[in-house]
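> What follows is the residue order along each chain.
Number of protein chains: 2
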Amino acid sequence: MSASVSAPVRVALDAMGGDKAPGEIILGAVQAAREYGIGVYLVGREEVIRAELAKHDTTGLDLPIVHTDEVIEMDDHPATAVRRKKNASMILALQLVRDGKALGAVSAGNSGAMMAASLFTLKRLPGVDRPALGGIFPTKDKACLVIDMGANTDCKPEYLQQFALMGSIYMERIFNVPSPRVGLLANGEEESKGNQQVIDTHKLLKQNAAKLGINFIGNVEGRDIPGGVVDIVVCDGFVGNVVLKLSEGLAETLLGLIRAEMTSSLVNKLAAAILKPGLRKVFKRLDYAEYGGVPLLGINGSAIISHGRSNAKAIKNAIRVARQTAETGVAQAIAEGLTRIEQSEQPQPEVQQVDK
Amino acid sequence: MSASVSAPVRVALDAMGGDKAPGEIILGAVQAAREYGIGVYLVGREEVIRAELAKHDTTGLDLPIVHTDEVIEMDDHPATAVRRKKNASMILALQLVRDGKALGAVSAGNSGAMMAASLFTLKRLPGVDRPALGGIFPTKDKACLVIDMGANTDCKPEYLQQFALMGSIYMERIFNVPSPRVGLLANGEEESKGNQQVIDTHKLLKQNAAKLGINFIGNVEGRDIPGGVVDIVVCDGFVGNVVLKLSEGLAETLLGLIRAEMTSSLVNKLAAAILKPGLRKVFKRLDYAEYGGVPLLGINGSAIISHGRSNAKAIKNAIRVARQTAETGVAQAIAEGLTRIEQSEQPQPEVQQVDK
Chain A
4 MSASVSAPVR VALDAMGGDK APGEIILGAV QAAREYGIGV YLVGREEVIR
54 AELAKHDTTG LDLPIVHTDE VIEMDDHPAT AVRRKKNASM ILALQLVRDG
104 KALGAVSAGN SGAMMAASLF TLKRLPGVDR PALGGIFPTK DKACLVIDMG
154 ANTDCKPEYL QQFALMGSIY MERIFNVPSP RVGLLANGEE ESKGNQQVID
204 THKLLKQNAA KLGINFIGNV EGRDIPGGVV DIVVCDGFVG NVVLKLSEGL
254 AETLLGLIRA EMTSSLVNKL AAAILKPGLR KVFKRLDYAE YGGVPLLGIN
304 GSAIISHGRS NAKAIKNAIR VARQTAETGV AQAIAEGLTR IEQSEQPQPE
354 VQQVDK
Chain B
4 MSASVSAPVR VALDAMGGDK APGEIILGAV QAAREYGIGV YLVGREEVIR
54 AELAKHDTTG LDLPIVHTDE VIEMDDHPAT AVRRKKNASM ILALQLVRDG
104 KALGAVSAGN SGAMMAASLF TLKRLPGVDR PALGGIFPTK DKACLVIDMG
154 ANTDCKPEYL QQFALMGSIY MERIFNVPSP RVGLLANGEE ESKGNQQVID
204 THKLLKQNAA KLGINFIGNV EGRDIPGGVV DIVVCDGFVG NVVLKLSEGL
254 AETLLGLIRA EMTSSLVNKL AAAILKPGLR KVFKRLDYAE YGGVPLLGIN
304 GSAIISHGRS NAKAIKNAIR VARQTAETGV AQAIAEGLTR IEQSEQPQPE
354 VQQVDK
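Residue numbers (this note's numbering), protein chains in the order written: chain A, 4 to 359; chain B, 4 to 359.
So here's chain A without its partners, still in its complex pose (with noise of 0.2 Å):
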């Protein structure tokens, strides 16, 4: 299967991003090339690619090098960066998708970095008050997106509906989801319960979400999101990476106590040895490299935000997800539920308080 096409279909990568760069992050490139036949940019340090590249088989694969020295670190201060080193990996496979090179561009380096690398690239959508990100939250049975995940910590409700329709979108789109189900995450089901934000976002929805294409089914509590009550869960981006930090240090945490059970005794050890493959089915649902990576939704184009952790299955993920969020138009739709928002602003009247 060679995936060479006329015109190529190209993701751009930042090939030196991430905890496990550059050997696992180049081998995702090399997995994505073979398993979906997606041209791939790998951005960095020439010499460091071509040495990794010699490793594997790359025949007939479409793996452009885009040489440059340098590099965003991990601890490096993000906008600082953005700001001063000009021809940074990441912002160099951004400026690919910006110049219509590539579909999407994917890192797994500094994430604060790669988000204000991505708003300063592509720059918001028209109508976008806060991109935000989409992080997607194993459950039960399928996929959860819960947004914000981390960009915006202070959010108005106008934000938070925004949310709403952008991981619809995404949904719908990169999950086959049709008329995903959202949920505004609360302290409790009843439409009084939350903080002031959530009480006013709860309103805000309720008035518009028929309008704008949202199916909105209300507040939803914190032991929804593993519960897969909805396939979207709004919050703002102090929550949300609360909620993530706090499920990968808890399932963490749980997985741990129970692996030091399996293994305190010969006799544990061969009992966890029957139950192996079936408890490697229940890791993998939490595994985060299924997913690939979190889309910055509300830009101008496809950005996809790694883990710092990511593994070449993550990243073999995560090129597919930034070519499917181009080809499916993600950003267009947004763009354009957008302005059904501001449709429906024009004609409504103030939001009413309601007495309590």
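No lab work stands behind these hints, which were simulated from the structure alone.
Some clues are possibly wrong.
As the list claims (entries may be wrong) - When the alpha-carbon atoms are kept at most 35 Å apart in a straight line, the in silico DSBU-like pairs for lysine-lysine are as follows: (1) A:K23 <-> B:K196; (2) A:K143 <-> B:K272; (3) B:K287 <-> A:K196; (4) B:K159 <-> B:K89.
Claimed, not checked - Chain B stretches covered by chain A per the calculated footprint, using a threshold of three residues with CB under 8 Å from any CB of chain A: (5) 143-157; (6) 224-234; (7) 241-250; (8) 263-274.
Bear in mind that the values here come from a model prediction, so they are computed numbers and not experimental data.
Glycine included, C-beta positions come from ideal geometry on N, C-alpha and C.
Based on the hints, put chain B in the right spot on chain A.
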């Protein structure tokens, strides 16, 4: 071991509150009376309580009944119920505390109503802006108090500072943690991280912690809660509620998936049987029943709000904690600590805005 002493040491229990009332609730009281020598006022319908007590050997136990026909139901609106059902079992239990007849009150009933009734009956301590719920979160190797866990959705930095103080006193006295470590929940460890509320609270705590005897170690992230990095995690009640419910939901989902794998075949069931004692240790660590209930801190007395699903063990432990909270002088220590906050506020300039 008889429990009678000359001046009876009693806790007041809402015998009608909880999903498993009255059976498990009253059994919990019997166990507390026998194991800890605590007298327990059983507040509720006399004939129901008598019928339950008849199932157990209560010889020598101090379990007086306080009869009332009125009960606040789980689906009653908290504030309305507290106003209308003036003789409800949880309210009478709290009045026994207010009148000096009981050391503390415990209810596994409608938690919103128990909070409202505690505030209404026992009143807040002088200087307390907002009483808060301190929830015990099981971690890798110890307990962590998350405060506030749901009493206050919108908080000012001054409230969060008080939560830090109240939580410190509770962990010191009830969990015997010397100089407990306090972390402020944020989306990153750097002091520049957080929403505006958290950034302002960080500044306030940094300025005042030493004077107040709070061992403030800075910001913590979601993953640090199960990681056991600190003894107290301070957050507003909206975030705290999300943390609590997400954790419960995630643990349930994860253990459910693992359990399903372990029983998916006869061979798996046999292997699982070998691992059972070890895994039970893990599950036990996650068992809210070990901690009994959640104190409402900042009120003039000891009120423990138990989980709706409380079993006898949870109630037994809640009764123990209610007594301990009273006997170790948690409320008095909070009141004293708050005068230190007031003193520290007198000569201080306004909290300054940090340039970003």
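> Decide, hint by hint, whether the structure agrees.
To see whether the hints hold, each was checked on the structure:
1. A:K23 <-> B:K196: holds, 26 Å
2. A:K143 <-> B:K272: Distance of about 22 Å is within 35 Å: holds.
3. B:K287 <-> A:K196: holds, 32 Å
4. B:K159 <-> B:K89: The hint holds at about 32 Å.
5. 143-157: This one holds; 4 residues, not fewer than the three required, reach chain A with a Cβ under 8 Å.
6. 224-234: holds (count 7)
7. 241-250: holds (count 9)
8. 263-274: holds (count 7)
The earlier numbered hints are all upheld by this structure, with none contradicted.
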